[in-house]
Amino acid sequence: MARRRLALPAVLLFAAGALAATGCGASESGAGGGTPEAGGELTFALASDPGCVDPQQQGNNDAIYPARQLVDSLTDEDPETGDIVPWLAESWEVSEDARSFTFHIRDDATFSDGTPVDAEAVRANFDSIVELGARAALGSSYLAGYEGTTVDDTHTATVTFAEPNGQFLRATTTFSLGLLAEATTSLPPEERCTDNIVGSGPFVLDEYRPNEVVVETRREDYAWGSSLWRHEGPAYLERLTFEVIPESGVRTGALRSGQVDAIGGVAPQDEAGLDDGGFTVQSRVNPGLPFGLTANISRPAVSDQAVRRAVLLAIDRQEVVDTVLSPSFRPATSTLAHTTDTYLDLSAELTHDTAEAERLLDEAGWRPGPDGVRVKDGEPLTLTVLWAENFGPNENALQLIQQQLRAIGVDLTLRSTSIAEFTALREEGDFDYTWGNATRTDPDILRTQFSAGLVNVARLPDGSPLEEALQAQNAVADPEARAEHSAAAQRLVLEEAYSVPVFELTTVLGIADHVHDLDFEASSRIQLHDTWVS
Amino acid sequence: MSGRAVRAIAPALAGTGGARARRALAFWARRPGLVASVLLIATVLTAAVAPGLFTSQDPLTGVPADRLLAPSADHLFGTDQLGRDLFTRTVHGAAESLRATALAVGLGLVVGSAFGLVAGAFGGLVDDALMRVADVLLSIPALLLSLTVVTALGFGTVNVAIAVGVTSVASFARIMRAEVIRVRDVGYVEAAYASGVRRPTVLLRHVLPNASGPVLVFAAVEFGTVLLAVSALSFLGYGAQPPEPEWGALVSDGRDYLATAWWLTTLPGLTIAATVLAANRVARALEAEETQDREPLP
Amino acid sequence: MARYVAWRLAQSALVLWAAFTVAFAALYLLPSDPVSIMAAGGGEANAVSDEQIADLQRVHGLDRPLWEQYLDRLGNALTGDFGLSVQTGDPVTEVIAEALPGTLQLAGAALVLAVAGGAGLALLATWTRARWLRQVLLSLPALGVSAPTFWVGLLLVQLVSFRWGLLPAFGQEDWRALVLPAVTLALPTGAVLAQIFARSLRTALVEPYADTARAKGASRARVHFGHAAPNAAVPPLTVTAVLLGNVLSGSVVVETVFSRSGLGRTTAAAVDAQDIPLVLGIVAFGAAVYVVANLLVDLAHPLLDPRVTVGGPAVAA
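Chains G, V and C, in that order, give the protein sequences.
First residue of the first sequence? That's 1 in the working numbering, and the numbers climb one at a time after it.
First residue of the second sequence? That's 1 in the working numbering, and the numbers climb one at a time after it.
First residue of the third sequence? That's 1 in the working numbering, and the numbers climb one at a time after it.
To be clear, the hints were calculated from the coordinates, so they are not data collected in a lab.
None of these values were measured; they are calculated from a predicted model.
C-beta: ideal position from N, C-alpha, C; glycine also.
Just to be clear, a hint being listed does not mean it is correct.
Here are some chain G residues pointing at chain V (derived, C-beta under 8 angstroms) [what the hints assert, rightly or not]:
1. 144
2. 247
3. 269
4. 323
5. 326
6. 327
7. 328
Work out the full structure: start from the sequences and follow the hints.
Quick look at the structure:
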């Protein structure tokens, strides 16, 4: 199984929860300055083919860029503060037990086919997302335990769950729960990938030619943007063209030669050149789980906490960032990236200490073997890591980590797979570690990843202390109580070294100087309503 | 390899007599390109078997601080993005690339020859059926056929070798069949049949050895093409597992650094091109010798 | 003649059917699990339940016996329906039709360059009296067939685009962006053409009719271009189908290197995503191109070369 793929999503695909709230406010933004001018076009180069531009069916960043512009969400999240603010919903109430959520929807929004965005539309969307199941993986996981949506009046809808669902409010900020017209929700999933995607967003899908281009045009009567956006009314840009250019070198070249106005997935080695060449390199750390190794504790070697801790201590995060990434990136400082809600700084736990790592292994009975690889009971300490190239620098990062682990006598074998096969192989469990990340602004991403009933990448047994903390943070609506449980979970993951975070994924864009106010929303995806060109 | 087939490279080694040696010397002197090709192929083969003779560095472990250094006396091919010596990686890559190539050619040779042997020897319906299968295999463009196999089997060096090997089965089958038909009716084969030797024995003992010359020469001809195909699939990302330094994968790894580190793509690519060129040159010499030697059978 | 045409048509249809069957067998019998791959979608952190898997299997007809699926697919393929792409849910035929123009443009330009370059080189090499020039010219095709396409493409991007800034490395509309990929794709094909044509030219120049023409006082140019060249063009023509197949194969690598959209990149993407219906459709398309090209060449052969009589053994099938 080998994989060296460059012509693939350069930016994280394993966007688990991909929280999408569009929020920019005062956040990192494109080169500002001057008075915004309406009109003009923007050509943006994507690092991989979206495959499907239905926001409800997608999770990969390159698909989200065009998809996000087509739909509005009930709420939005401020990227700076993490606050949930109005968008399509003017206000909302959450029950004490976090089981029912009532949204009051503004009465002037319409889908691009003229049908109203109302309580009935909310119900139709959530019902259909649950029905889509695996095809709307993110949305349906946010709606786990969905009992139904009641239409209280034309513009009031109440969503109820069988169990407490503390993460749901923030989930309504995502593109995954963005609202589509009945013309779309009534169709089977395969008929709403390249066509028939009718939303209420600031842009309307013109055409999508797979592996080539996505074209969108401005909605002239748009007037119900997020409360975070810089201006009201229709978008400034008249037309968006997303070109698919998988080769990172060619992509950078296209930006330099003026063939495109902005590019995604800037390769670390191209950043400095763009900076010097009169282009803006704009970046923001993706919230959620940083890139790292997650142990499969059902395997004998890594079922031992000492081995997992040794791996955690043997990795030199700073060297990884310095060697294979760029100054835009930061080493991981916790189980969650620092842009995630309820993030707790645990950098003191994530030190690089090979002496301690070796001591742990010695103590656990792993003795240096003849070829430098440690041995116990005749078995070499060979660990397999399953990975896919959903992010360009993965291969280099893993090769460097392989070298670093080799220094303490751990032999790391890289087993790569296509992105398509990754999930299936992960289910099989034939590996010691998986390499990956997950983008989401809500700490509930930890539960999605580690809970025994869900993905459970670490293969944790039911009823572990971590499980309790994970369930507890989702069972309450109160932010402070959630933060407390989330902090406990973040600590437990590192103490047990179930997961070894290495670096925070950073979305890096290259932008020409005539493009302004190209903003990141809370999940570090782009928002083009306020973008303008001069 | 059959006696006939090796004679192209053999003259220098074969004769002890002065005249013979002089003739051999003249043969090589007239063909400096062939000499260079033989030397290059010998070097690459040596690198594949004993990389330690060329370099003492580790192909898998680098010095991060020394990354992306241009070629110099210390690093003939420069260093890569992790500070590994690219010359060392290219030398060690020879083993992986050549192993995959040999496996692919071997698969085509063995399976194809078996097809051709059976088709030619039995004739009639068997022949028709097998040769139609060969036609079908030839009707699918080679890379598409390989990609189909890769899609089904998954990625990896061995799977890539199988995928490429499958594409040459049909050509080997055709050549073997033609040879079998040529020799099956000649005197000694008929004599063997007449004296009651069983069919499989005749096939293996009399037909196969006499028919194998052109097939083996074709294997040499295929070598270059197959190396290119294996490299292309590796380049596309279906082959070797990192950090293994397979040649096509080395070029692929370097393509993100086109603007900053030219040596990462240029030098491993040049190695592939030179090896294929040399292999083709040697194969052409073998082919010429083969045709020239092709005196009518008794 | 009519019988020959009918026979060749039937034979072509048979080869196509068999190619489809071979590809189907490889893709559906060998281990790979289209459904769990489909369920992977693009998101990662999702637990897909067994019922959801079963649902997907039912939707795509994968819960039925293999032979039933085969007959179904084959029947549909006859009407031009190759099922739906797993990635986008669009009909495979539509995906191929949308990707095709980009590749036709690239392949067309490459073929023109390959034929012009290959034939020109062969004609010049056989025409020139300068021994050194002939040697140099005749050794060029060997270089052309030995250099990996992906490497040549990267070298061109690196030098012509990045270093000298002469031509763009990317672009779909601009004709200048077509130059580098077309040259890259033309190189191996042109080299093969040059080799075959040069060989057949040398043979043709010593044929009796060339001598006769000379004896009748025809000029050297007249003998070379008027008599030998047309006759020598027949052997290269018989490999048209193989060369078209090579160009189609080459487009996978070239379109990847230059990030061009077209059938080649669609193919690479389909393999990555294990989009089995799409891979099957593309293979069937590739086989059809080969078979049709061969059929046309075979049918045209008797017209071009009076030595071939109708009803004689078919050239390669």
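How the hints compare with the structure:
1. 144: Result: violated, 32 angstroms to nearest chain V Cβ.
2. 247: For residue 247 of chain G, the interface hint holds, since the closest Cβ of chain V sits about 7 angstroms away, which is under 8 angstroms.
3. 269: holds (6 angstroms)
4. 323: Holds. Min distance 4 angstroms.
5. 326: Interface hint status for residue 326 of chain G: violated (12 angstroms vs cutoff 8 angstroms).
6. 327: violated (16 angstroms)
7. 328: Because about 16 angstroms separates residue 328 of chain G from the closest Cβ in chain V, which is outside the 8 angstroms limit, the hint is violated.
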